[in-house]
Amino acid sequence: MNPLQELLSVKKHKLLSVFFTAGYPEAGSAFSIIKSAENAGIDFLEVGMPYSDPLADGPVIQQSSTRAIENGMTIELLLKQLNEIKGKTRIPLLLMGYLNPVMQYGTDRFIRDASGAGVSAVILPDLPVSEYLRDFQPLYKKHGISPVFLVTPNTSIERIRSIDNASDAFIYVVSSAATTGKQKSFGQAQKEYFQRLRSMKLKNPLIGGFGIHNNQTLSQAWENLNGAICGSAFLKKLAEYPDTDKAIKQLLDDLGPDSGNNN
Amino acid sequence: MKNNIKLKVCGIRSPANMMEVASAGPSYMGFIFFEHSPRDVSRTIAQLPLEQLPEHIKRVAVMVNKPLDKAREIVKKFKFDLVQLHGNESPEYCKSIRKEAGVIKAFAVSDHLPDELEEYFDCCDYYLFDTKSDMAGGSGKSFDHSILARYTLEKKYFLGGGIGPDFKTDDESLYPGLCALDINSRFETSPGEKDVSLIKNFMQNLELNKTSSINLSGCFPDKEGFYGKFGGAYIPEMLYPNIDELRKNYIEVLESEQFKYDFKNLLKDYVGRPTALYYAGNLSEKTGARVYVKREDLCHTGAHKLNNVVGQALFAKQLKKKKIIAETGAGQHGVATATVCALLGIPCTVFMGSKDILRQQPNVLRMKMLGAELVPVESGSKTLKDATNEAIRHWINHPEETYYLIGSTIGPHPYPDLVARLQSVISEEIKKQLLEKEGREDPDYVFACAGGGSNAAGAFFHFIGNGKTRLIGVEAGGEGADSGKTAATIYKGTPGIIHGCKTLLLQTSDGQVTEAHSVSAGLDYPGIGPMHAYLHNSKLAEYIPVNDKEALDAAMSFSRAEGIIPALESAHAIAALDKFTFSPDDLVVLCLSGRGDKDLQTYEKHYS
Ligand SMILES: Cc1ncc(COP(=O)(O)O)c(C=O)c1O
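As they're listed, the protein sequences go chains A and B. Under my numbering, the final residue of the first sequence carries the number 263; numbering is consecutive throughout. Under my numbering, the final residue of the second sequence carries the number 608; numbering is consecutive throughout.
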């Protein structure tokens, strides 16, 4: 089991993860963000690998990516940074990014090096599940990397089942059919969708993301799913507060009193 | 035949012959996995480029009592659509393999219909009636067809067994339930080698396969949208249902009689097709060859873009979409979309980079006049690439009611194929017009500019792989193809993913897409349609860069020589003529993709 799988095997409720873009706001920000998040009791982290054309992302993540690229962030540099902090932190790490930079780095080499840097899982939203199964599954398995796939309210039942079968960590539940950071609140539609997923009794836990930014959205995700990921809202805090401890504290304040130190 | 009977060509064995047969456009092609047949491909199947077969030709694996796991392996490995079973396979066997592929259960017929048909009713998709023989068909002998008149079951059947070029039926009621004819040995020059002209004649005489008229290979992707290793659909899950809906429906809609009728009429009366093929005397003299200009500039709204828009808008209506969105670079695609949306009464939103808004003012004003909502895009390069990103993001956020009408042969499958098919009318007309004017269908050269590659795809389409025509795609070299300020994607690009497809693109070594540079907004795109990446790799077409200054100069001299002001994009294709040495009787077709009104500002700045 990789560290993320271990975490998910013992903690099944109220998981909280945050997303940030590597190289944002500064080229070397990752270490202090990871440390602050760990100290604040965040369960696991999603580290974004910046891409010039992030199709699934709204303006906040787009801007963080542009800035990170200007700061010189690359997969190479990110893996080097992660290698440097390996052993100094225990929080499970996921890498999230688009397929093209990974392809250029070399997919085989990427999975191997990510695993070597202590990464547990990889999310590549534009990698088709069918291509993963055909070309990459043995590679991921060999290096103990879990693939994570997205489902949306419009994903068909059969597809959800095949995604569940292909997964061995969790399923990323996109809150609504929209780009990141777009959702202002969750309503009846989200509730029904979350419950529909839950009633499918999938083998993997369900973690919700896209639009988690306050107590209402977090509670709703927590009530119906196993956990939640907060992205754009965290990046906004990072932009506002150069002190990463402060940024994460501000985020937790917004998310509600019971979200911090919840282990 | 009135009932739209399809054709299956069986017993294909060699790669070259396979592609040739594909060009005749049968609905099914059969490959025999049976060691005792002279047409056996068990050991040679891997050498056949099955992935190059167009999607509308279904691949059939013909087998005789093959162990189930072997059969399954063959189907999976080579992605067969159907299996055809000639042995004593049980209904359970059929049921089991039917989870992987469609099933045609074959029965040897002598003087009566087999008794066990009903037993197989629920476990196969079609029956096939063949003459009793020991070699899985191909015996060349036929049985007495009169027993078929008594066929009453609901299941459709294929008819095989000795069907030859002389087969005919004056009365289709003698064949109730017949859906396809299966031909093999009687259309061959030697076992496995089909005589394609015999097949073509046969199809024509019997009016077979009325629905698949497009018939060339090399220009269609495989089922998953791949042209060789390029293409595909690399999209986030949020887009999956949208794209899946298009993928599942586009061929059926495009091949439907209603669509063909509406499309043809709008092309004729609204777009103004066929566009002229004009013998450019002065240009010919200067070039030293016989140069014909395909006048896409005469299309309504001034460019080839309208062909694609009319087709996709009809498709969007068929899918009952309520809104249309589009990206635009030069504004030609935006204007074309705004135009057709006005005509069909569909609300329209166009995304355009703010840099392009400044350099293509006339088109901005036209879109506004036509009632489109224009969204300026401020992200990234502020040109076509980012306009496309924003259009896709908008689609993610408004998935159900919105149709994304893409403007070129780019994006995730099925867009490149969809757009290429709609633009293929360009080369279809060129063929007819050349035959009239020059007594031959295939020119020696076709020149077309390539941004995303739609006018080039359309102008090349019916000439691809014909072995006679050199196809030249002209890319924007910008300030020089090696200057770092270029849009010459094929020349400078490397394989990667842009806007959901695998193709060649301009990017940094760590995979960030870089900005393209061209004086012409319509070519200012860091990617290229996957079909062109494939044609380039397989040497079926050639691509060369032409830089800004060469294009601007060509625009001026062409205007003065022929009295036609070309679009700056098209001027790149004109300038490319200078880079070739022709012999005087070479027949050259130049695709003039658009007219230059929108570029007058740029021209004036350059010439003054
Ligand atoms: C007149 C004209 N030609 C060519 C192009 C390039 O597009 P494509 O390569 O898809 O034909 C454009 C694009 O806007 C155009 O307006």
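Treat the hints as calculated values from the structure; they're not laboratory data. It is possible that part of the hints are untrue.
[To be verified] Which chain A residues face chain B? A few, computed with CB under 7 Å, are given here:
#1 Glu-26
#2 Ala-27
#3 Thr-89
#4 Pro-101
#5 Ala-177
[Unchecked claim] Cross-link-like lysine-lysine pairs, in silico, DSBU-like; alpha carbons within 30 Å at most:
#6 A:Lys-35 <-> A:Lys-141
#7 B:Lys-155 <-> B:Lys-95
#8 A:Lys-201 <-> B:Lys-95
#9 A:Lys-182 <-> B:Lys-317
[Stated by the list, open to error] Derived, one-sided and incomplete: chain A residues facing chain B with beta-carbon distance under 7 Å:
#10 Leu-99
#11 Ile-157
#12 Thr-179
Owing to the predicted nature of the structure, the values given are computational and were not obtained by experimental measurement. For every residue, glycine included, the Cβ atom is placed at its ideal position computed from N, Cα and C.
Cross-check of the supplied hints:
Taking 7 Å as the C-beta cut-off, the interface hint given for A:Glu-26 is violated, the closest approach to chain B being about 19 Å. The restraint placing A:Ala-27 at the interface with chain B is violated, with a minimum CB-CB distance near 14 Å, outside the 7 Å limit. With a least beta-carbon distance of about 25 Å to chain B, the hint placing A:Thr-89 at the interface is violated under the 7 Å criterion. The beta carbon of A:Pro-101 comes within 3 Å of a beta carbon in chain B, closer than 7 Å, and the hint placing it at the interface holds.
For A:Ala-177, the interface hint holds, since its Cβ comes within 7 Å of a Cβ in chain B; the closest pair sits about 5 Å apart. Simply put, A:Lys-35 and A:Lys-141 have alpha-carbon atoms about 28 Å apart, close enough for the 30 Å limit, and the pair holds. At most 30 Å may separate the alpha-carbon atoms for a hinted pair to count; B:Lys-155 and B:Lys-95 meet this at roughly 16 Å. Our distance criterion of 30 Å between C-alpha atoms is met by A:Lys-201 and B:Lys-95, whose separation comes to about 29 Å.
For the hint pairing A:Lys-182 with B:Lys-317, the CA-to-CA distance comes to about 28 Å; that is within 30 Å, so the pair holds. Checking A:Leu-99 against chain B: minimum C-beta separation of about 5 Å stays under 7 Å; hint holds. Residue-level restraint check for A:Ile-157 is violated (minimum Cβ-Cβ distance to chain B is 12 Å; threshold 7 Å). Against a cut-off of 7 Å between C-beta atoms, the interface hint on A:Thr-179 holds, since the closest Cβ of chain B lies about 5 Å away.
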